[in-house]
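What follows is each chain in one-letter form.
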Amino acid sequence: MTPALRRGLFLVGIAGFLAFYLWGLTRLPGFGRYPGPYGFVINRIAVGETNATGVVSAVNFEYRGFDTVGEEFILFAAATGVATVLRHLRDEQEGGGSETVFGEPSSGTTDAVRLASLVFVGPVALFGWFLASHAQTSPSGGFQGGVVLATAFVLIYLAGQFLSFRRISPADLTDSVGSVGAAGFAAIGLTAVVLGFAYLYNFLPLGTVPGAVSSSGTIALISFFVGIEVAAAFILIVGELVEQTLLIRTAGRQS
Amino acid sequence: MTPAVPGALAAAAPLAAVTPYTVQPALMETLQVLLLILVAAGATVVALTRVPVRQAVALSAYGLLLAVLFLAFQAPDVTLSELVVGAVALPVLLLLALARVRRREK
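Those protein sequences? They're chains A and B, same order as listed. Heads up: the first sequence at position 140 corresponds to 139 in numbering that gives the first Met the number 0, and the numbers run straight through without jumps. Heads up: the second sequence at position 37 corresponds to 36 in numbering that gives the first Met the number 0, and the numbers run straight through without jumps.
It is worth saying that the hints were derived from the structure and are not from the lab. Every value quoted in this text rests on a predicted model; they were computed, and no experiment measured them. Treat the hints loosely; a few may be bogus.
Here are some of the chain A residues that sit facing chain B, going by a computed Cβ distance under 8 Å [unchecked claim]: (1) Thr109; (2) Val112; (3) Val146; (4) Ile236.
Over 10 Å on every C-beta distance to chain A, these chain B residues come out as not near it, computed from the model [said to hold, decoys possible]: (5) Leu30; (6) Gln54; (7) Ala88.
Where a beta carbon is used, it is the ideal one built from N, C-alpha and C, also for glycine.
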């Protein structure tokens, strides 16, 4: 393919794309105008039906909970895949030793970073837990809370405590916690089926006060399971990557 | 529109009462437009940064900008997600992957 032909093809393609794009723009609803009835219906009935004032969580974990199960397992499969690939690579390096890497001594972390990381570990862990456990009351949820919780573990690593990072989050345990989180979500749905309701039906008592932490039935419980699953998945990926980097550094130093 | 559940509206009404719309709409729109421009500029900066490590840091700053944008568009849930994933998790993963690739190259 000559450059001229390639450029011609590109121009035809971009012209077609631009035409469709502009045509699509003309049919968009006005800025800030929401056309569908679904959002208005949900806004009116969600609090009364679920006792959850965090309506976004009510939608995520209840009205379209089945979608969220799918998303949850996408993340779970992705984390498992990354961990599997990285562990496979690590075994090769440990076994063969063919890849000699001249690692430089760890560039080291400055005291400022160590101190800041240590100071923030506690508050960040608490905040993550708060987010994961308050999906039903305010803008938060298991996904956000889980990642924040995992960030607390990353801070421990940043503080230069890789051994602590591994001791409080051993790979096997992290795997198991992640599995419990993913399976817990699916199990809540199946429990509803066993009790004779639809999959993921909110079968727990909803409480009496909208917005109370103990209200909203399965929404709070699902958020909890999502939280530990997401935290475990993220810790797993970071842990594998960190371990690889350290391993190669150590290997380089020995040679 | 009649509510599907009569009791639901009564339960939701006090909530609306305690969160009045206090910001001037014009002011809010100015803020939104300003943030949209900033986000566009931020995305350009990320795309034009050629050094991967710097790009990861720029991406983190861009994630922070996006989070503020979502907040201005009244989506606090998405703000939180963008903050933890776009500004923290994704750059951290990129930096770790870069560190690993760099070790291997040497």
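(request) Could you tell me which of the numbered hints above are not met by this structure, giving the numbers in increasing order? (result) 1, 2 and 7
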